[in-house]
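Chemist: Spelled out from the first residue to the last, the chains are:
Protein chains: 4
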Amino acid sequence: MKNKIKVGILGATGAVGQRFVSLLNSHPWFEIGAVLASPRSAGKSYADAANWFGSEPLPKKTGGMIVSDAAEFVEVDFVFSGLDASVAGEIEEAWARRGIPVISNAGNFRMNPDVPLLVPEVNPDHVVLIDRQQYSEDGFIVTNPNCSTVGLVSALKPLHDAFGLEAIHVTTLQAVSGAGYPGVSSLDIMGNVVPFIGGEEEKIATEPLKLFGQLTQSGVDLLDIPISSQCNRVPVIDGHTLSISVRLKGNPDVEEVTDAFRSFESPLRALNLPSAPAEFIHVVEAESGPQPSRHVNLGDGMTVSVGRIKNCPNFGIRFVALVHNTIRGAAGGAILNAEYLVRKYYLGSGV
Amino acid sequence: MKNKIKVGILGATGAVGQRFVSLLNSHPWFEIGAVLASPRSAGKSYADAANWFGSEPLPKKTGGMIVSDAAEFVEVDFVFSGLDASVAGEIEEAWARRGIPVISNAGNFRMNPDVPLLVPEVNPDHVVLIDRQQYSEDGFIVTNPNCSTVGLVSALKPLHDAFGLEAIHVTTLQAVSGAGYPGVSSLDIMGNVVPFIGGEEEKIATEPLKLFGQLTQSGVDLLDIPISSQCNRVPVIDGHTLSISVRLKGNPDVEEVTDAFRSFESPLRALNLPSAPAEFIHVVEAESGPQPSRHVNLGDGMTVSVGRIKNCPNFGIRFVALVHNTIRGAAGGAILNAEYLVRKYYLGSGV
Amino acid sequence: MKNKIKVGILGATGAVGQRFVSLLNSHPWFEIGAVLASPRSAGKSYADAANWFGSEPLPKKTGGMIVSDAAEFVEVDFVFSGLDASVAGEIEEAWARRGIPVISNAGNFRMNPDVPLLVPEVNPDHVVLIDRQQYSEDGFIVTNPNCSTVGLVSALKPLHDAFGLEAIHVTTLQAVSGAGYPGVSSLDIMGNVVPFIGGEEEKIATEPLKLFGQLTQSGVDLLDIPISSQCNRVPVIDGHTLSISVRLKGNPDVEEVTDAFRSFESPLRALNLPSAPAEFIHVVEAESGPQPSRHVNLGDGMTVSVGRIKNCPNFGIRFVALVHNTIRGAAGGAILNAEYLVRKYYLGSGV
Amino acid sequence: MKNKIKVGILGATGAVGQRFVSLLNSHPWFEIGAVLASPRSAGKSYADAANWFGSEPLPKKTGGMIVSDAAEFVEVDFVFSGLDASVAGEIEEAWARRGIPVISNAGNFRMNPDVPLLVPEVNPDHVVLIDRQQYSEDGFIVTNPNCSTVGLVSALKPLHDAFGLEAIHVTTLQAVSGAGYPGVSSLDIMGNVVPFIGGEEEKIATEPLKLFGQLTQSGVDLLDIPISSQCNRVPVIDGHTLSISVRLKGNPDVEEVTDAFRSFESPLRALNLPSAPAEFIHVVEAESGPQPSRHVNLGDGMTVSVGRIKNCPNFGIRFVALVHNTIRGAAGGAILNAEYLVRKYYLGSGV
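Chains as they are written, first to last, in the working numbering: chain A, 1 to 351; chain B, 1 to 351; chain C, 1 to 351; chain D, 1 to 351.
Okay, chain A solo, but in the shape it has when bound (with noise of 0.2 Å):
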């Protein structure tokens, strides 16, 4: 591209907004025009503003950019909400009212029904649910999953394509950069596992059935089937671990589960997006299994592994998951969105 697409990163200082800032540094097709955070950072430089805690350092071109106010208007193309939930409602809102899209991984919209939620290899047709929303002539809303969500629906995909979900029966082992920064206290979680993550069991049992769900005249059809989550934290720094269950119809063997893993295509090979990985779907072979710290980096983060599959008493197939939560399942899921949408023409027409 020539002329790179101008970006917005609203709540730029948290934890996903660094993880925005890092994953567009040097993007083939977007550059960040403007860093934008709550007044108390307002004014300040970026380097001052965001306590900065990626393991590369702080890009100096971001670190020497002035905070701006999210609540205030500034000329990009479109923007990433790595707002809180808390303020994410009101202030996306107002930036799709005055005609700039938000790419958000906020969960504040994502059941709405005119918005999509969007995992692009998961369902890429979503996105025409765009063209319903009424909040001005260009701006427009586009979410992405909570983040065990997006490790959750990318597993089940090849699943739910090649025979059909009936159950899904979930526990997570969640990364404690999902809670942000400063997040979860040393004091809680060194040396323990804390069984309970305010919303989450709830964003997991619903989130899916829209993803999942059929694209009708009217909007999505949520599917109709049950979903059993329970959610732990536990002292790792980047990854989401899912142990998954799943009743799947003609009851498949572990062979033929692992066949449609294997042979699943991605939606997206054809598009050549920079931020798709090679595999969508990584099969761990070694006995051990996925884990955070060996497989988390896949793909850049962007690939979800899968292992350990075998055959369940109780639901025919179970297998653990892992998927990186603020690559793949926050920041970098919002940059494939954006990406996605300028192939899809509604976003960066001009270039």
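Because the hints were derived from the structure by calculation, they are not lab data.
Be a bit skeptical, because a hint or two may be false.
[Said to hold, decoys possible] Covered by chain D, according to a simulated footprint, are these stretches of chain C (three or more residues, beta-carbon under 8 Å):
| id | stretch |
| --- | --- |
| 1 | 193-200 |
| 2 | 226-237 |
| 3 | 281-289 |
| 4 | 310-321 |
| 5 | 328-342 |
Ideal placement from N, C-alpha and C gives every residue a C-beta, glycine not left out.
Chain A is already provided as a structure; the job is to place chains B, C and D on it using the hints.
Modeler: Showing chains B, C and D alone in chain A's frame:
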């Protein structure tokens, strides 16, 4: 007791063996008469042979004892065994044949039809299986279950009694101490989750069927229900957390299940056993549920905590349980078994 | 004691405050008469106001108490203060003026020339500084040192007495509980070391000079020796480890230093204080030295462990010390101070 | 390079060996021609023999190679050695005698007067010691220092050049990867500090004296200054943190020392070595200093970070340094040595 019962500890230098030493240090009924381990350790002082890693100092009296070879017999009233499964089979049988009762934590004889697999609050009547054993006039073997199984069956006992079990589905988050010492490499588990523990899922799928089995004239009739398990190692020192779903007869609601937990009366109450906790099952009220760092030491590590009891669309009921894997789930459980056997006149009859 | 002394706890909901509650739960002399905190907590039950994170359950009696505003006075014999330094100055002074003695863990008055900075095994004679205070007839303030300083001066006391200090060089490895709750974010410290703790190095460089200072007619003459410190936060829950080098008069060798540690007699021995440990200093024989997970709870957290005593080419002697930072280094130290003050007739005179 | 230089890796399955494999995977000059390990691994595929624990996948090409016995020779241009010290001495000497250069990370020959102990930014001239070796016409041994020493001498090099060292005092906080695999048990280090690492303090006290030694006609004259070290293991995966105090000639102040760090010119700049980092020393501006999780990967793990430079009342200057112990401190350092030897015509002369 005027004269304490003299016990030997097989595998005394290992992780479970060290717990035996700690817990027996000031036991009102038992005193350590011998510490036994591999020929490599034999002849050394216990302080030298064991790489003591308890958070309390090694009791001086035991530290000065000379370790014997576990394959050679010494004069004790009975032995606890914390031997590794690779050697436990042969050695434990030899002691039983020699006329010395073996209260074992090893897995080798757990599913042997004539050997009680005992959690005295769960299946106290199974103790009479001892009478079917033919090792020698006085020698016999009694086992306690795998550390995760103990947590599972303890938490399910009140529900099985009140309603009846129909299906079990469990995901475990297991502490590193369960793997013994040196056990899990820090490089494998710090900041990581390993969704595999060799042999563990098989034990969890079978041992509860015996524990909840019906005692008949010809032994124990195994319970016949499906059990599905997925085991994870997590960076926790002590305390296995279990995410359990269960289908119960009559489909009780959350309140009825909570009541069943609360109103369960331990069959040990009247026996006044030194290691029996005041509460067999503790219901954690807090939304954040039972957690290793907060609840693992309840009842000196002998209480099993449950919490986060809720509806499950797949099974009816879902909850979280926590068990101290090296106390209730290993050495402490074995000691409680021995205390129960004393009360039932199988041990220490001369006292 | 027939009638226990009634104490209030200022800052009762915080990390140090919770330790006060734990340690006072079954104290033979003191009973909690009031729990006091910020106006935000006032009016709530202590159980609701405090996010209790002890590994033992919150004592029921205290859990049911209603929290008062620390700025309003209640009828107690004296108060412990676990207040944050940002508010401790004003509030503690107000209580002292009101006639109520304040036994404080906060840093505000530690270097005040009329306020004893007290570790009763180290500088018991400094207690008479109380007589110089003018807050009111009965009110006064006594402080204990910073948590790292406590470990440092405790370990050095036997050497200062036996030989005389000439220079101190220390590197600390400090636990996260030292930062209070929520304190250190898990994202900052899991699998990491942070070589900076705000204000800590300054405290370690000055407080020992007062603790080892000479009591004169006009107050305490500070010791005049160089102290260099570098403070690190490490992923440990409880227990500050100190790597200490020291230049001593007469240049004693390792054996003489070890003897000095071993032969030190606590000046508290005859006083029979409930919180005074049997061993003030414990010499760890093992080559692997004192370790948080093995030695931090010695003497119920009131013993300071030392080990790895060796020659140092730069200073003469080098060794490692370990202190429980929230017990001996904070709440437990303050309680010991109060016990000492009872014996010295500064507190609870009516009992 | 048209034809890459063929290298063997001795000890290829171990922790350092795996780092060699990772780092050589796409090296512009070297290609892996053989993976060699103990007889136990010989004959297996590398994928089967190595318990691969890198965070990036095992390179396929190497995974498929058959492991040879390190005691048997294969056709390669030179070998890297990541052998354990218990076997490295004999095996490395055998390869050198056979005419094959050995670039070793093992400690056995580091203090041998004819063997260069080399960090090419620190003592590049020492390379000529090779000419004094008599193993065979073409075979020789070159070593890199202990992982902590590397961090220490790298950080001190600019100061030694600018001012001259007079005394060194260091406390280390070392990562678990430094102990190899399986290395440190999780039960020993999770939530803990171990103030002892066998043999480490001796290495740190002697190796810098050779590295900063003067090359003369008859070998290297060791520097004669006192070095005191205390080594701690901490729960960090990669990255040794060093708290360093130093007495420098002329007693420079903080600004002069900072300038010396900033203005140091690596002697490798002109040589264009693939593994030489753009910055040899990186000065961390942030008050919170260099931290493993933030700075260890600077310069792909080849940059040493320093920070928290301040006055020290005992030595003059105190600061913190951080080194990636398995890259700059082991495999990466050895590869840089090999690259330097290529430029100096000691290796790969035929290419």
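Chemist: Hint by hint, note whether the structure agrees.
Modeler: So, going through the hints one by one against the coordinates:
| no. | hint | in the structure |
| --- | --- | --- |
| 1 | 193-200 | holds (count 4) |
| 2 | 226-237 | holds (count 9) |
| 3 | 281-289 | holds (count 3) |
| 4 | 310-321 | holds (count 6) |
| 5 | 328-342 | violated (count 0) |
Violated hints amount to a single one, hint 5; each of the other numbered hints is respected by the structure.
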